[in-house]
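2 protein chains.
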Amino acid sequence: MQGTILIVDTIATNRISLKVKLASAYYKVAQADDIRQAIAEVGRRPPDLVICALTLPDGTASDLCKGLRDRFPSLQLPVLAIGNRDNADSRLAALEAGVSDVLLKPLDDTLLLGRVRSLIRARNAADEWQMRDDTTRALGLAEPAADYAPLGHCVLLHDNSATTLGWAHGLRPRLRARLSLAKPDDAICEIPADGPPDVFVLALPSDPNGATAACRLISALRANAHTRHAGLLVVQLSPNTALAATALDLGADDLMTDGFDAAEMTLRLHALLRRKRTADQLRATVRTGLKAAVFDPLTGLHNRRYAMPHLARIAERAQETDRPFAVMVADLDHFKQINDQFGHAAGDAVLVQTAQRLRDNLRGMDLIARIGGEEFLIVMPGTTMAEGETAAARLCADIAGRGFHLPHSTQPLRVTISIGLAVGPKRGEGQMDSVDRLLAEADRALYSAKVHGRNQVTLSRPAA
Amino acid sequence: MQGTILIVDTIATNRISLKVKLASAYYKVAQADDIRQAIAEVGRRPPDLVICALTLPDGTASDLCKGLRDRFPSLQLPVLAIGNRDNADSRLAALEAGVSDVLLKPLDDTLLLGRVRSLIRARNAADEWQMRDDTTRALGLAEPAADYAPLGHCVLLHDNSATTLGWAHGLRPRLRARLSLAKPDDAICEIPADGPPDVFVLALPSDPNGATAACRLISALRANAHTRHAGLLVVQLSPNTALAATALDLGADDLMTDGFDAAEMTLRLHALLRRKRTADQLRATVRTGLKAAVFDPLTGLHNRRYAMPHLARIAERAQETDRPFAVMVADLDHFKQINDQFGHAAGDAVLVQTAQRLRDNLRGMDLIARIGGEEFLIVMPGTTMAEGETAAARLCADIAGRGFHLPHSTQPLRVTISIGLAVGPKRGEGQMDSVDRLLAEADRALYSAKVHGRNQVTLSRPAA
Numbered sequence: 001m002q003g004t005i006l007i008v009d010t011i012a013t014n015r016i017s018l019k020v021k022l023a024s025a026y027y028k029v030a031q032a033d034d035i036r037q038a039i040a041e042v043g044r045r046p047p048d049l050v051i052c053a054l055t056l057p058d059g060t061a062s063d064l065c066k067g068l069r070d071r072f073p074s075l076q077l078p079v080l081a082i083g084n085r086d087n088a089d090s091r092l093a094a095l096e097a098g099v100s101d102v103l104l105k106p107l108d109d110t111l112l113l114g115r116v117r118s119l120i121r122a123r124n125a126a127d128e129w130q131m132r133d134d135t136t137r138a139l140g141l142a143e144p145a146a147d148y149a150p151l152g153h154c155v156l157l158h159d160n161s162a163t164t165l166g167w168a169h170g171l172r173p174r175l176r177a178r179l180s181l182a183k184p185d186d187a188i189c190e191i192p193a194d195g196p197p198d199v200f201v202l203a204l205p206s207d208p209n210g211a212t213a214a215c216r217l218i219s220a221l222r223a224n225a226h227t228r229h230a231g232l233l234v235v236q237l238s239p240n241t242a243l244a245a246t247a248l249d250l251g252a253d254d255l256m257t258d259g260f261d262a263a264e265m266t267l268r269l270h271a272l273l274r275r276k277r278t279a280d281q282l283r284a285t286v287r288t289g290l291k292a293a294v295f296d297p298l299t300g301l302h303n304r305r306y307a308m309p310h311l312a313r314i315a316e317r318a319q320e321t322d323r324p325f326a327v328m329v330a331d332l333d334h335f336k337q338i339n340d341q342f343g344h345a346a347g348d349a350v351l352v353q354t355a356q357r358l359r360d361n362l363r364g365m366d367l368i369a370r371i372g373g374e375e376f377l378i379v380m381p382g383t384t385m386a387e388g389e390t391a392a393a394r395l396c397a398d399i400a401g402r403g404f405h406l407p408h409s410t411q412p413l414r415v416t417i418s419i420g421l422a423v424g425p426k427r428g429e430g431q432m433d434s435v436d437r438l439l440a441e442a443d444r445a446l447y448s449a450k451v452h453g454r455n456q457v458t459l460s461r462p463a464a
Numbered sequence: 001m002q003g004t005i006l007i008v009d010t011i012a013t014n015r016i017s018l019k020v021k022l023a024s025a026y027y028k029v030a031q032a033d034d035i036r037q038a039i040a041e042v043g044r045r046p047p048d049l050v051i052c053a054l055t056l057p058d059g060t061a062s063d064l065c066k067g068l069r070d071r072f073p074s075l076q077l078p079v080l081a082i083g084n085r086d087n088a089d090s091r092l093a094a095l096e097a098g099v100s101d102v103l104l105k106p107l108d109d110t111l112l113l114g115r116v117r118s119l120i121r122a123r124n125a126a127d128e129w130q131m132r133d134d135t136t137r138a139l140g141l142a143e144p145a146a147d148y149a150p151l152g153h154c155v156l157l158h159d160n161s162a163t164t165l166g167w168a169h170g171l172r173p174r175l176r177a178r179l180s181l182a183k184p185d186d187a188i189c190e191i192p193a194d195g196p197p198d199v200f201v202l203a204l205p206s207d208p209n210g211a212t213a214a215c216r217l218i219s220a221l222r223a224n225a226h227t228r229h230a231g232l233l234v235v236q237l238s239p240n241t242a243l244a245a246t247a248l249d250l251g252a253d254d255l256m257t258d259g260f261d262a263a264e265m266t267l268r269l270h271a272l273l274r275r276k277r278t279a280d281q282l283r284a285t286v287r288t289g290l291k292a293a294v295f296d297p298l299t300g301l302h303n304r305r306y307a308m309p310h311l312a313r314i315a316e317r318a319q320e321t322d323r324p325f326a327v328m329v330a331d332l333d334h335f336k337q338i339n340d341q342f343g344h345a346a347g348d349a350v351l352v353q354t355a356q357r358l359r360d361n362l363r364g365m366d367l368i369a370r371i372g373g374e375e376f377l378i379v380m381p382g383t384t385m386a387e388g389e390t391a392a393a394r395l396c397a398d399i400a401g402r403g404f405h406l407p408h409s410t411q412p413l414r415v416t417i418s419i420g421l422a423v424g425p426k427r428g429e430g431q432m433d434s435v436d437r438l439l440a441e442a443d444r445a446l447y448s449a450k451v452h453g454r455n456q457v458t459l460s461r462p463a464a
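Protein chains in written order, with full-length UniProt numbering: chain A, 1 to 464; chain B, 1 to 464.
FYI, nobody ran anything at the bench for these hints, they're computed from the structure.
Any given hint could turn out to be false.
Copies of the same chain are indistinguishable here, so a pair counts whether it falls within one copy or spans any two.
Computed list of lysine to any residue pairs in SDA-like fashion (alpha-carbon distance at most 25 Å, straight line) [said to hold, decoys possible]:
#	residue 1	residue 2
1	Lys28	Ala213
2	Lys336	Ala346
3	Lys19	Asp34
4	Lys276	Arg174
5	Lys183	Asp109
6	Lys28	Asp186
Here chain A stands alone, though its shape is the one from the complex (with noise of 0.2 Å):
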């Protein structure tokens, strides 16, 4: 199944033709009569796409699209409208409203079909990292983009500069971007020094030979690194139906059949700078979220998910190389009294500068970990029990040796640590694996060490 279209229209016959089409390219196809009832629908069952009537028994193709937008904001459902040719203005007003495109009677098949798959392609790659559930509620990806005015960078290609030229003197007075002219090899490569641009407009000719230049040229844009992200507005000098359908699928964003106009080429750019800012944001949350995944965000250290299985590879390791490999949980004195006396900001004050003495003072292949509230732990291979013993007295010392800075006080603050220290690799015996063993005993050791008086090392000994 390809999919679920929602058809709007007021007149039977309107929507059976449609359905008709759309069901032998093998959509699913809903149906309702107004915007109420497409409302009531999509609430039902989320379709895929709406393509609905320019004007409707109540109210506008518009109406429809702010309608879908205020009740179901996270579903970013896209709408096609289709009108005649006389609805000039209207057509203007439902691009401005958020409307995909309006596509004119009488319609062709291989257009529509053709408009059909780029916005469904396009819906399904943007849902691939939103995931519909409660991870993405969580991490805001599901928050529409703020509606303020577009900036960013569009670029007119053109091999003919008169024409171009003559288009930027239309849209510069409306454009909410910077706007620029280049050759269409220079997009491929030349990057400009600020980046590369969001939004690429390429004329598309109707002779074989310039249409199949052009062609590539789109492929050539989706499959470089720098350019593929950037919106692709292709503008037809002369109507072409299966050269335009061809355009979508080889992956242009949007597209105009009629050639160059002022104000719907502003509406078209301005809807693509706000999806492309939208995915970049997306696409940013989603590096932010994996960094968090491995790392603790309060010290830049690692955390206890990442930690756990980078011990076990280093046992691993050492086990095979028949060498040794230290394992030190660390833990600071009394900080349950710092947060209490001074505050959550102070206790995240220590714990922030404690993550850089430790830093310090370990090598670049030891990992540091910070895998409880203030527990610290760190494994450092190839180190034997004496090595590790300096090292972790190095570390005590750096830490009781130098008060530690709190936010709004002048008076440094006195703070120690305890620490436990074990030494790999053990050989699996009994219930427990070598790693689990491992850090039991350094716990143990930590134990040991907070009861003698904190503020020291102290070795793991042989369980009795």
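Fit chain B to the given chain A structure using the hints.
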């Protein structure tokens, strides 16, 4: 710039003629004479693609491919080989060794550039979530997929079943995957009960109508939510380089220009199945990683990173609606001793069971998060101090009332919890914002509960 390509060929005229073709399409080109030089060059400046002669002075394309994989496993660099018609055996060996494709001389520019675009595009798409930094390594994304026999489901698409029945007959004895046949239309309208296929094979006829239909099907497969990640191998029934390049640009993953060959198709299908599995794993890991960004993996509760902004949003809404909400900070008593006496596994079991009891006693709309080792944050919208106190007392009683089960022990352990309770909204005054003040109040109340003997709820009293 389109990307960097390393040309490896001992014959200078071959290198120069290839360099001219690639430079005209704005690729940056590096050169090497042999495998040794090529590996050194990749070590210095990793390219996006390697194009090499099928035979080199110090080995074959297969050797180069293996050498690159051994030396730079995380690069996953695509290799394209160029050979002669009489190299049939070494051609298959190269495909088996992991070479992406072997193009035969004389080279057709259109097909060459189409292939190059397609390989670089696939590489960019894969790279997007690889994020060549510490995050990747940490999440295990960079690890290449295990190289065992591919399993999966390939579907041969056909209008003429005689042809594809013959293909299936040739493939079945060799292919390490399930194989079935379907009509092209069925590929996009019928999803098998056991999920979408992993790879489609599509015949591409040269007659204009057949070619157009096949190209539209490629686009439809790429636009469809269920098939967009499937591998797609296109088989040309008669050579047509322009059509081949278009098929690749529309999203075909691999292409055979000279019709069916059972041995060759088997190798290509195995490669596509492997690539599909790697991509599936990558997406799954990213999903898991993102979940880890907002959930505590041990208890399944939300983590601190999620809880803090969520609490801020609840506070905002409460201020808008002027309705109260309760904030609890709960901390297991003497948890460190449980860990120290019974080991980390016992501590983990107590945390998991605590989380379950909190969930059992709270509403779906309440926020429950693990914000520290043994510390939990609970936020109850629309809750007064009296209601919050009742809820907190119930939690306290449920933790203390039933023993906790430890692993490897039949003796249940008695565990208690202390809870500090504060109620918002607070009007923001002074330096701290209202959420911080509320948390500080709950923290102070918790401290007081601990000081006064633990296993109790303490309400926040306005500070003197």
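Outcome of the hint check:
no.: 1; hint: Lys28 / Ala213; verdict: between (36 Å within a copy, 21 Å between copies)
no.: 2; hint: Lys336 / Ala346; verdict: both (11 Å within a copy, 22 Å between copies)
no.: 3; hint: Lys19 / Asp34; verdict: within (16 Å within a copy, 60 Å between copies)
no.: 4; hint: Lys276 / Arg174; verdict: within (19 Å within a copy, 46 Å between copies)
no.: 5; hint: Lys183 / Asp109; verdict: between (33 Å within a copy, 22 Å between copies)
no.: 6; hint: Lys28 / Asp186; verdict: between (43 Å within a copy, 14 Å between copies)
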